[in-house]
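Below, each chain spelled out in residue letters.
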Amino acid sequence: MRLIDWLDERLEIRKLIKVTLIDYKVPKNINFLWSFGMLLVLMFAILFISGLFLLMYYKPDSNLAFDSVNKTIMMDVSFGWLFRHVHAVGASIVFLLLYIHIARGIFYGSYKPPREVVWITGYILFVLFSATAFTGYLLPWGQMSYWAAQTITTLFEKIPFIGPDLVIWIRGDYAVADATLTRFFALHVVFLPVLIMIVMAIHLYSVRVVGSNNEDGKPIDKKKEGVPFWPVFMSKEFFVMTVFLLFFFFLVFYKFDFAMDRVNFEPANPLQTPTHIYPEWYFLAYYEVLRGFFFSQNLGLIAFALSMVLILFLPWLDKSPIVSGKNRPLFQIAFWIFILDFLVLTVLGKLPPTGLYAWIGLIASLIFFGFFISLPIIAKIEKKQLEGEKK
Amino acid sequence: MSDKKDMSRRDFLLYAIGGWAAVGAGATLYAMYKTWEPLPEVKAAGVVEFDLSLVKPGEIRVIEWRRKPVFILRRTPEMKAGCPKRTVRTSLGDFTIVIGICTHLGCIPNWESDKNIWHCPCHGGEYDACGRNIFGPPPRPLEIPPFKLNGNIIVLGEEGPEYKAMIG
Ligand code: HEM
Ligand code: FES
Chain A
641 MRLIDWLDER LEIRKLIKVT LIDYKVPKNI NFLWSFGMLL VLMFAILFIS
691 GLFLLMYYKP DSNLAFDSVN KTIMMDVSFG WLFRHVHAVG ASIVFLLLYI
741 HIARGIFYGS YKPPREVVWI TGYILFVLFS ATAFTGYLLP WGQMSYWAAQ
791 TITTLFEKIP FIGPDLVIWI RGDYAVADAT LTRFFALHVV FLPVLIMIVM
841 AIHLYSVRVV GSNNEDGKPI DKKKEGVPFW PVFMSKEFFV MTVFLLFFFF
891 LVFYKFDFAM DRVNFEPANP LQTPTHIYPE WYFLAYYEVL RGFFFSQNLG
941 LIAFALSMVL ILFLPWLDKS PIVSGKNRPL FQIAFWIFIL DFLVLTVLGK
991 LPPTGLYAWI GLIASLIFFG FFISLPIIAK IEKKQLEGEK K
Chain B
28 MSDKKDMSRR DFLLYAIGGW AAVGAGATLY AMYKTWEPLP EVKAAGVVEF
78 DLSLVKPGEI RVIEWRRKPV FILRRTPEMK AGCPKRTVRT SLGDFTIVIG
128 ICTHLGCIPN WESDKNIWHC PCHGGEYDAC GRNIFGPPPR PLEIPPFKLN
178 GNIIVLGEEG PEYKAMIG
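Residue numbers (the numbering used here), protein chains in the order written: chain A, 641 to 1031; chain B, 28 to 195.
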């Protein structure tokens, strides 16, 4: 008896494959932007495996961490440098994939009914990846690691009443110290990756229940119109993955320094702030919203918090019955302004917040929120237009 | 046993188990919360002594207290401070003693001796020789740590009369 038959009798493996992979029909009118979900699964696997091998030599102790990364892993372990570069470049590129994946969802209205749960679980994944990147960034215990953690934890101090005590509780010390390093380590290597895997499973399951969206935003007749996820969709996906991996390993071998800040090759020094502190590129836009309201620190903090959660509420902000942005000229304008604005914020995030830059930062921050305000208005206009057509 | 009685008995067991589980979950969360508090040795290392006569006029020293840098600046007349509430007076002269953490987002400002100001490298905040915020995003002056004076020895982490007079 073949192994698959033996398993099938005991685990119904054929039925499982049929239900999750073959009967899952993907629309034909999708484009390459629909390949980013599986690219993200691939990227997480790469981070998981490279992280596992870093873990074998990494030492989570403020006296040992820096050397365990920069000496042991980088110089002594055979190919240790490769695993570190893969992990650091991977952590950066995973956000590029996430942003494209999310932008695709916004443009084609993939957050609209019945895909709200897909959208919410996706948002949770984004938060979890951000938390994983933030905690992981502290681990090499360099100057940028230390001061990024110090600055971001200080933000919690501004929460009314509990703020100051909360910060000490999060750090386990009066400042970022050994206690902070070891707890961030535990979160980074166990808790957050496990949560990511669970939420990823729910995310994929929810897509299978409601089906993929498509360019026109019209639901398909599953029996007649779709193509099977396996083998048809995946055969194309493997091609995209191959191209992506070429790009990824080009970065790993030739351009890795974009993901590893020079300042971080100096060991953490709690008594000496580096001249400029800035987050990794993928957080720069939110950072610029924080600084954008330069005249009021509290306003900046509120805007910063809002800028990260607003996207979760898209299904309730945009209630237009037209799903795909392809059929929504007004929405398209708002969308492209938003994308451009996000890029402008990202660029500004690394420039000094003075003079003209400060004002552009403020305007760009306001435009960022303008997008979310425009959504209900556009939806209203579109509803009116549709009613007019019916008459 | 009647059906009704049976149901209420089940309900009772359900609530009892549920309640017991809630107590257990609460206790577990509390224990988890407590593990993240600073360790006793961290809390205990909160008092530091320093001899102010080691600082020359116009010079600034940085000492560590509760993992924070504390700036000790021995003022010179040119600094024209004029901030009695932010001045530590000793037989050696006037000192500025502040926690060297920017009140904006927690970077460490640098002393610029040509201009007699602290300049914060992160977002360009500035403080005068008294530690008062004079430019940029910082919302408040640099904080003054609790201290006590024993002659020319300063004890950080204990509140003496001079400190109480300052904050009062
Ligand atoms: C199970 C999965 C993972 C494990 C076991 C793991 C483990 C580790 C270890 C041991 C380090 C310290 C060594 C080093 O800094 O190179 C590290 C660093 C790091 N990790 Fe992870 N990691 C995992 C997943 C992730 C994910 C999903 C992300 C991002 C979304 C991420 C982002 C980072 C970052 C930004 C660093 C610092 C990179 C550097 O500058 O060297 N990790 N990780
Ligand atoms: S932290 Fe000093 S000016 Fe922002």
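Incorrect hints may appear among the rest.
To be verified - With a cut-off of at most 30 angstroms between alpha-carbon atoms, the simulated BS3-like pairs for lysine-lysine come out as follows:
#	chain 1	residue 1	chain 2	residue 2
1	B	K95	A	K798
2	A	K699	B	K61
3	A	K864	B	K191
4	B	K142	A	K699
5	A	K798	B	K83
6	B	K95	A	K711
7	A	K990	B	K142
8	A	K1030	B	K95
9	B	K70	A	K699
10	A	K990	B	K61
To be verified - Residues on chain A that point at chain B, a partial pick, calculated with CB under 7 angstroms:
#	residue
11	T791
12	T794
13	T986
If you are wondering where the hints come from, they were derived from the structure by calculation, not from laboratory data.
Ideal Cβ placement from N, Cα and C applies to all residues, glycine included.
Here's how the hints hold up against the structure:
Between the alpha carbons of B/K95 and A/K798 the distance comes to roughly 18 angstroms, so the proposed pair stays at or under 30 angstroms and holds. With a C-alpha separation of about 25 angstroms, the suggested pairing of A/K699 with B/K61 holds against the 30 angstroms cut-off. The straight-line distance between the Cα atoms of A/K864 and B/K191 is roughly 81 angstroms, outside the 30 angstroms bound, and the hint therefore fails. Restraint check for B/K142 and A/K699: the C-alpha separation of about 44 angstroms exceeds 30 angstroms, so the hint is violated.
A distance of roughly 37 angstroms separates the Cα atoms of A/K798 and B/K83; the hinted pair therefore is violated under the 30 angstroms criterion. Taken as a hint, the B/K95 and A/K711 pair is honoured in the structure, with Cα atoms around 29 angstroms apart against an allowance of 30 angstroms. As the CA atoms of A/K990 and B/K142 are separated by approximately 27 angstroms, the hinted pair is consistent with the 30 angstroms bound. With a C-alpha separation of about 69 angstroms, the suggested pair A/K1030 and B/K95 falls outside the 30 angstroms cut-off, and the hint is violated.
For the hint linking B/K70 to A/K699, the alpha-carbon distance of about 25 angstroms falls within 30 angstroms, and the restraint holds. This hinted pair does not check out: A/K990 and B/K61 have alpha carbons roughly 38 angstroms apart, beyond 30 angstroms. Here the hint on A/T791 is kept, as its CB sits about 5 angstroms from the closest CB of chain B, short of 7 angstroms. Evaluation of the A/T794 hint against chain B yields a held restraint, the C-beta minimum of about 4 angstroms falling below 7 angstroms.
Proximity of A/T986 to chain B is violated relative to the hint, the smallest CB-CB distance being about 18 angstroms (cut-off 7 angstroms).
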